[in-house]
Amino acid sequence: MRLELADYPVTTIRLGRNFSYQSEVLEIDAAALSDMVLRDGRIREASFSVVRPGDKVRITGIRDVVEPRVKVSGNGQVFPGILAPVESVGDGRTNRLSGMAVIATAEYHGTIRAGLGVERSALLDMWGTGAAASKFSGLVHLVLVMRLREGLSELDAHTAIQLAELQVARRLAETTVGIEPACVEVFDLSARRPDLPNVILIQGCLTDDHHVHSGVSYYGLSIRESLATVVHPNELLDGAMAVNTTRGIGYSPIVYDWQNHPLALGLCRDHGKRFNFLGIILQRIRYETFHGKEVIAHNAAQLATTLGAEGALITWLGSGNAFVDVMLTLRACEQRGIESVLVTYEYGGKDGVDSPLLFYVEEANAVVSTGTRDRWLELPEAERIVGPYEQIQILSYPGAPIANCKEKLTLDAHDMVIGGVDNWGQESWICSAY
Amino acid sequence: MSKELEKAGLTVAIVSAMFPVAEQVRAHRIVKGVSIPHPCGDPSLSPELDARLRREIVQTALKALETEVKEPTVFSPNMP
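Taken in sequence, the protein lines are chains Y and U. Sequential numbering of the first sequence, starting at 1, is according to this note's numbering. Sequential numbering of the second sequence, starting at 1001, is according to this note's numbering.
Some clues are possibly wrong.
What the hints assert, rightly or not - Sample of chain Y residues lacking proximity to chain U, with all beta carbon distances greater than 12 Å (derived): (1) 88; (2) 179; (3) 191; (4) 292; (5) 293; (6) 328; (7) 365; (8) 375; (9) 380; (10) 389; (11) 399.
What the hints assert, rightly or not - In silico lysine to any residue, SDA-like type, Cα no more than 20 Å apart, as pairs: (12) 1003(U) <-> 355(Y); (13) 1032(U) <-> 292(Y); (14) 1032(U) <-> 288(Y).
By construction, these hints were calculated from the structure, which means they are not laboratory data. Heads up, the beta-carbon is just placed ideally off N, CA and C, and yes, glycines get one too.
If we strip away everything but chain U, and leave its shape as in the complex, we get:
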């Protein structure tokens, strides 16, 4: 999906818990997600920590969108 969107001219950051699979299909901007059922947060954390983590993941993704890349690049959010 991220590759098709890029073909259409949109810059994409894909958040994925299976980041090596995203690398293999040569997605450009890959953000490490938490877990397959919940890539963008962690329901086992307290609501406050989860909110902080979710913000961190989104900010990492935004940073990835702003970054020039030539090949698949993995961006790692700071996870607790």
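Pulled out of the complex, with its shape left as it was, chain Y reads as follows:
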């Protein structure tokens, strides 16, 4: 499997009357895009805004973020199982508009009022302290602002939001077809050097199997209670992984994160130089019995052994008891002689003095922290709101007080900022005290 990722950097997005890409300027016909989105009767309003790094803009109601891509050769199309039929992807050439993203925002009340299935949306500040908390503040964004029809179920709302954002993103990427890219990066793991160690990436995924969308999908299919499986990193680059778009939360990776998985990309780039990258073990976590957690840990480690792994990078997405599955996986790998490194965010509490992790095993002797998700965040007053919400609840419990989005906000954790938690170590952090 060999994928060429052709890069078309974007520094300016212009709302105009045509679709074109030239010299890092993307011109789009916003009216045509709105018409396309509004073909779905579940969406009653759709509009577009452009925001740039440094703008004193607060984006509200964020459900997902996607980088525009389109396949120009090879099998299938981006987002198989969602935008296109289920066909194996990861081969041929894919064009990407880099330096920008489409942010899907939507007003949606939800039918579920409490618990893990309740709708959530996140914020993004393009300047100041909020910008410093999220990598997404460094990109130029086309913000899609949607209002959904009243009374939609969670699955209907998700499908409407997801189809809209992915169709818009693909339409933007189509402007690059036939144009020479700025550069092309090749992703090909087929040749291995016998003198280098074999390394695997184990990606734990918390999924809620009892919800209509479990939280993470592979080729459009929600991952529920399943055993671990192997996926090729090139599949991620072509949009094989997607998320539940009714729940935009800082600690849940979104589509952009899956398209640009920093650990997968880093391992691909060093393949054949420092080690052989064997691929990704996709592992469902958050089993509800300890027995389940033990079995999935064994299963992932056994798979890694079978593939010939000598080293494993272990990371996860989620929160709470799913971390027990992650630690047991690390132990199971170490017990099989696979040197394992864990990449995780920390809790630590508001002041950084609480327990940073829920659960430990002795074998976890190499852990990379990507920072905390628990600290307070003070956001200054914004000049402009882009998004469907002028007012929001900062806390997610039913009846929580309402705040004006434009005003100074105090967030009690980074969860409300999209990209506010660095799940997979995309960013550079410094530890100021330890």
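With chain Y fixed as given, assemble chain U onto it according to the hints.
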């Protein structure tokens, strides 16, 4: 919570599906529970079997309360 209760002088048996986590925070008397959403029973069983299981878990917890322990100790109910 179990540690705070013990500080206040109450003997505690904690029923938890995540018993290794309870061990890690050094709770004294830990009873293996069934599952995170339902530690004290199993709704997938028939009502009769579930009732028997629930009684077994409670009796194990009572036995744990009566037992002298010096360090985190796990008590296992007989589960079907």
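Evaluation of the provided hints:
| no. | hint | verdict |
| --- | --- | --- |
| 1 | 88 | holds (36 Å) |
| 2 | 179 | holds (52 Å) |
| 3 | 191 | holds (42 Å) |
| 4 | 292 | violated (8 Å) |
| 5 | 293 | violated (8 Å) |
| 6 | 328 | violated (9 Å) |
| 7 | 365 | holds (16 Å) |
| 8 | 375 | holds (23 Å) |
| 9 | 380 | holds (39 Å) |
| 10 | 389 | holds (32 Å) |
| 11 | 399 | holds (24 Å) |
| 12 | 1003(U) <-> 355(Y) | holds (16 Å) |
| 13 | 1032(U) <-> 292(Y) | holds (14 Å) |
| 14 | 1032(U) <-> 288(Y) | holds (13 Å) |
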